[in-house]
Every structure is written in structure tokens, then in C-alpha cells.
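Colleague: These are the residues of each chain, in order.
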Amino acid sequence: MMELLQILQQAGQDLLGPAWLPVWTIVKIMVIVLPIMGGVAYLTLAERKVLGWMQVRPGPNRVGYWGLLQPIADGIKLLMKEVIIPEKSNKFLFLAAPVLALAPALAAWAVIPFFDGGALANVNAGLLYILAMTSLGVYGIIIAGWASNSKYAFLGALRSSAQIVSYELAMGFALVCVLLAAQSMNLGDIVRGQQSEYGLLGWYFIPLFPMFVVYFLAGVAETNRAPFDLAEDESAIVAGFHTEYSGMGFALFFLAEYANMILIAALTSVMFLGGWLNPFHGWPLIGGLTDAVPGLLWMLGKMSIFLFLFLWFRATFPRYRYDQLMRLGWKVFIPLTLIWVVVVAAWMQTPLWVW
Amino acid sequence: MNFETILFYIFAALTVLAALRVITARNPMHAVLFLVLAFISSSGIWLLLEAEFLAMTLVLVYVGAVMVLFLFVVMMLDINLERLREGFWRWLPFGAVLAGLMVFQMVWVLGGIDSIGGIEAVKHAADYSNTKELGRLIYTDYVYAFELAAVLLLIAMVAAIALTLRRRKDARSQNVGDQVAVKRDDRVRIVKMQSEKPVGGHPSASKE
Numbered sequence: 454m455m456e457l458l459q460i461l462q463q464a465g466q467d468l469l470g471p472a473w474l475p476v477w478t479i480v481k482i483m484v485i486v487l488p489i490m491g492g493v494a495y496l497t498l499a500e501r502k503v504l505g506w507m508q509v510r511p512g513p514n515r516v517g518y519w520g521l522l523q524p525i526a527d528g529i530k531l532l533m534k535e536v537i538i539p540e541k542s543n544k545f546l547f548l549a550a551p552v553l554a555l556a557p558a559l560a561a562w563a564v565i566p567f568f569d570g571g572a573l574a575n576v577n578a579g580l581l582y583i584l585a586m587t588s589l590g591v592y593g594i595i596i597a598g599w600a601s602n603s604k605y606a607f608l609g610a611l612r613s614s615a616q617i618v619s620y621e622l623a624m625g626f627a628l629v630c631v632l633l634a635a636q637s638m639n640l641g642d643i644v645r646g647q648q649s650e651y652g653l654l655g656w657y658f659i660p661l662f663p664m665f666v667v668y669f670l671a672g673v674a675e676t677n678r679a680p681f682d683l684a685e686d687e688s689a690i691v692a693g694f695h696t697e698y699s700g701m702g703f704a705l706f707f708l709a710e711y712a713n714m715i716l717i718a719a720l721t722s723v724m725f726l727g728g729w730l731n732p733f734h735g736w737p738l739i740g741g742l743t744d745a746v747p748g749l750l751w752m753l754g755k756m757s758i759f760l761f762l763f764l765w766f767r768a769t770f771p772r773y774r775y776d777q778l779m780r781l782g783w784k785v786f787i788p789l790t791l792i793w794v795v796v797v798a799a800w801m802q803t804p805l806w807v808w
Numbered sequence: 014m015n016f017e018t019i020l021f022y023i024f025a026a027l028t029v030l031a032a033l034r035v036i037t038a039r040n041p042m043h044a045v046l047f048l049v050l051a052f053i054s055s056s057g058i059w060l061l062l063e064a065e066f067l068a069m070t071l072v073l074v075y076v077g078a079v080m081v082l083f084l085f086v087v088m089m090l091d092i093n094l095e096r097l098r099e100g101f102w103r104w105l106p107f108g109a110v111l112a113g114l115m116v117f118q119m120v121w122v123l124g125g126i127d128s129i130g131g132i133e134a135v136k137h138a139a140d141y142s143n144t145k146e147l148g149r150l151i152y153t154d155y156v157y158a159f160e161l162a163a164v165l166l167l168i169a170m171v172a173a174i175a176l177t178l179r180r181r182k183d184a185r186s187q188n189v190g191d192q193v194a195v196k197r198d199d200r201v202r203i204v205k206m207q208s209e210k211p212v213g214g215h216p217s218a219s220k221e
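So the protein sequences, as listed, match chains A and B.
For reference, each letter of the first sequence is one residue, going 454 to 808 in this note's numbering.
For reference, each letter of the second sequence is one residue, going 14 to 221 in this note's numbering.
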């Protein structure tokens, strides 16, 4: 496999010379983005199926065998629909908002390592880059809400911006704990720091368990998913920030939301569940048997667990009230993470720190 | 002219243009968005200087948090555009003089007029980590200044909260602790009863 890549690289160099680097980078970007788009499409199907089963009904099962072509049909439907631009909206920003929502969601994938050395960019400040990119996603929502010139969209945008800014703090502190533990901001090094002879006992979810929970819940809030989906709260403000969007504009918001869900799942796996590492590495018998499984599969498996949790939460919990949401963010998560940063920093100086 | 130089000129032009639009844009919302653009392109320039920590922090703190709150406020304010713009030309010379003074000061601090154009960005080895260097400086040589700045910010934060905090007597709130501590028995009473009544038990039941 690696030799094949080498040969391909060499041939490309000879053929295109200096133009080869951008071409090769675009190929690599495609290799990451296209599966994400496919993942988003089938995550919507999975969501509807899982919600269906949890509510004792079959879910979509008419388009294609077992409903497998449903996402494609939905995509075609949204593509064919008319994009309606409200009369008194700000047209440029109205059309730019969905792009601003989707672009950071995809840009953040540049530093995610899918297997050992399998990241588009091996950035030293990878963790900061992730935080910076995920914090940009809120602009799409705010601008959409403002440019629509609609009360519901505006209320949704206000709710969303306050929510995302509040939960970002808790998220940031949780990540500070991770980088303390790993002593690196490079996502690849963070995963390598979790490698040990005891398999999953070496992963950071054990010493940083409260941070693991806080990070994932803050992630659910950041992606505006149930039970924290107050930005689109259909029982109170119609559809929140994307009330006025139809057709492809709506589809782009949808893509951004699901791409963000997959991103949070990937990040939680990388930071707390050892990314591409084998959970049974070094264990008698089972360790030897499972070491042959490629890292990419472990990574995808861990991501699927979190994606299932997203869907499970949606099926289980009623929506938070806005003041409850703010209380959880500011009075529970932020003090908890602040204290745990100090605890981890002190713990690391003692011989009791074995990770 | 190599690729990095071209990138620098693109980012620099974007920064200057966006900064100009911040003060000339008619709509305050657009002005804030241009300010965001100016921040992002200056973070691009910092990235070219291998200052990745500063670049990312600029995006994270200013674009991701501060400007979001700016937008939040600007969106909700009822701004009278005409009143805001009156006197623009009258104050322009004053502002220009101030700006010129600031440029002069900056050039002075950065090594005098002579060295303009002669400043070479320092190149580092691949394993050089700007973040690590910055951390080392902040927590060793400049630790007092850093702590002072932190305490100053903390005081500002406490003061801002203290100034805006007011307790209203008529405000109602819930005690979340009580809500969480609720047991099932406090809210629901399970009544045991038979699903069917025995035939002939009541005269009214048998009368169909």
C-alpha cells in the first residue's frame, strides 16, 4: 500500500512538476471530504431508522431496499426545490450564511488523524486549530438569522450565539486538561500519548472522566442537537435560524449540522478514547487477535458509538428550557472543568499519574 | 516573488481593505463582519510568520467569542444610522493625525525608519514550536507582568458583574436542587386496583 503511494507520488512529480503538490493535496482533501459527505447522508438515514426503532416503528423503508436510497432521494428533492429569498432580506449574506456554516465544519477535518500518520495536515497547534474552526461555525447561524429579516430566525440566531459562546468555554477547559495530560497540542501525539501495554486502560477517559462527559455534552450543545436544540426549537420559534431557508440553502445547514456531529464524535474519540488504538492491545489472547485490525476501523467504530449516542439522546430527552441550558453551561460545566484543570495539573506532578 | 510573498500581499491587502470598510460601511452589521475579516486575514499574516499560537488564539478569542458578542449587541441595538454618521468628515482630519501618530510610534518601536523593508522574518527549524517558546517566555521572564495582566482582567470582570448585578424582589426563580432531588413518590401516587370488576359485584356493572 505504502509503496504504491510512493510510486504514484513519483509518477505525479515527474508528470506535473511543481503543480503536483496542489493536485495531490486536492486529491487528499477529496479522499477525506467525500466519505464525510457520504457519512452525513447515511447518518440522516441512520437517525431516522434509530428513532423509528426506538419508537417501535420501521423508519423509512420505501426508497430502495430497506430504505437505503432514502438519503439520495432527499438530496435530489432538496436540489430541485426553489431557493426562496425573502423580500427584505440581505441577499448576499442570506446566501453566504449556509456556506459560512458548512465551511468551518469541513475545514476542521484537516487535522483529524484517522490512523497513525493519517491526517491531511500534521499541525503542532492542532487542538487550537480545531477550537478556532469550531468557533467559526456560529457565524453561519448568526448571519442566517440576521439576514433573513424574520423574527423567528432572529430569535434562533440570538439563542444559538449565546449558547455556543457559553459552551465553548467548558469545551476549551476540557481540552486544556487533555493537552496537559498529553503535553502536546498535536492530535497525533495526543493519541500516541494514550498508547500503553494495557489497552483501553491507558486512554484519557479514565483520568479525565468528568472532562470526557463534559466535552461530549458540550459538543452536543455546540452542534445544536437535541436536547440542546433551542436554536431551532420548532415548538416555539418554528425552525429557528433556518426558518426562511428552502431547497439547497436548507440542505447546506443540514449538512453542516451533521458534519459537525461527525466531527465531535471524531474529536471525542481522538482525545479520550485513543483514536486509532486497539482497546485490547497488550491483553492476553484477545490483544494478539485484535492487533491485526487496521486503526482506521477502530477509529470509525469509536466514532459510531458517539454518533449513536447523539441519536439516542434525541430519542430520549425532552428539550431543555433556555434558562436551564444556561445554568448547566455556566454553573455546572464551567466550575467543574475549572476545578478539574487544577486537579489534573497538580495530579500530574505526583507519582500517582500513570498515564 | 515566491508563493509566501504572494500570500502575504493578499492577506495584507485584505486586512487593509477590510479595516477601511469597517469605518466606511453604512450598515453597522457589515462593519462588524468586515472587522471579522480583518482579524482573520491578520491571523493569516501571523501564520506566515510561523506564529501559529497567536494566529489561532486571535481567531479563537476575537473572532470566535468577542466578535460574536459584538454581533449580538449590534443586532439588537436600535441604531440611528444618520446620527451615527454625522460629523464623519469634520472629525476625519483629527482621526487621520492620530492614526499617523500611531504608525510613527510603531515604526519607532520596531527599530526606526531606516530598517523599513530590511526586516527579515526569522526562519526556524521544522521542530521549532512557537507555542512552547511563547509559554516559556510568559511563565519565566515575564511572569509578573503576565500575572498582573491576569489579575487586572479578573478585577475588570468582577467589577463588570458587580455593576450590572441587581436583585429584583419580584423575580421568581426555581430551586434547581429541590427539582433534582424530587422523588417519584412526591409526584405520583400509584393506586392498585383490579382491571376488571367481578361479575355481579355491583348491580350497576351488570346492567348493560
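These aren't lab readings, by the way, just hints derived from the structure by calculation.
Don't take each hint at face value.
To be verified - Calculated lysine to aspartate or glutamate pairs in the DMTMM-like style (CA-CA distance at most 20 Å, straight line):
1) B/Lys182 / A/Asp776
2) B/Lys145 / B/Glu160
3) A/Lys784 / B/Glu160
4) A/Lys604 / B/Asp91
5) A/Lys541 / B/Glu146
Colleague: Give a verdict on every hint.
Modeller: Here is how each hint holds up against the structure:
1. For the hint linking B/Lys182 to A/Asp776, the alpha-carbon distance of about 19 Å falls within 20 Å, and the restraint holds.
2. Between the alpha carbons of B/Lys145 and B/Glu160 the distance comes to roughly 18 Å, so the proposed pair stays at or under 20 Å and holds.
3. Of the supplied pair hints, the one linking A/Lys784 and B/Glu160 is violated, its CA atoms being roughly 25 Å apart against a limit of 20 Å.
4. Note on A/Lys604 and B/Asp91: the hinted pairing holds, with a Cα-Cα distance of about 15 Å set against a maximum of 20 Å.
5. A distance of roughly 51 Å separates the Cα atoms of A/Lys541 and B/Glu146; the hinted pair therefore is violated under the 20 Å criterion.
Of the numbered hints stated above, those contradicted by the structure are hints 3, 5, listed in ascending order.
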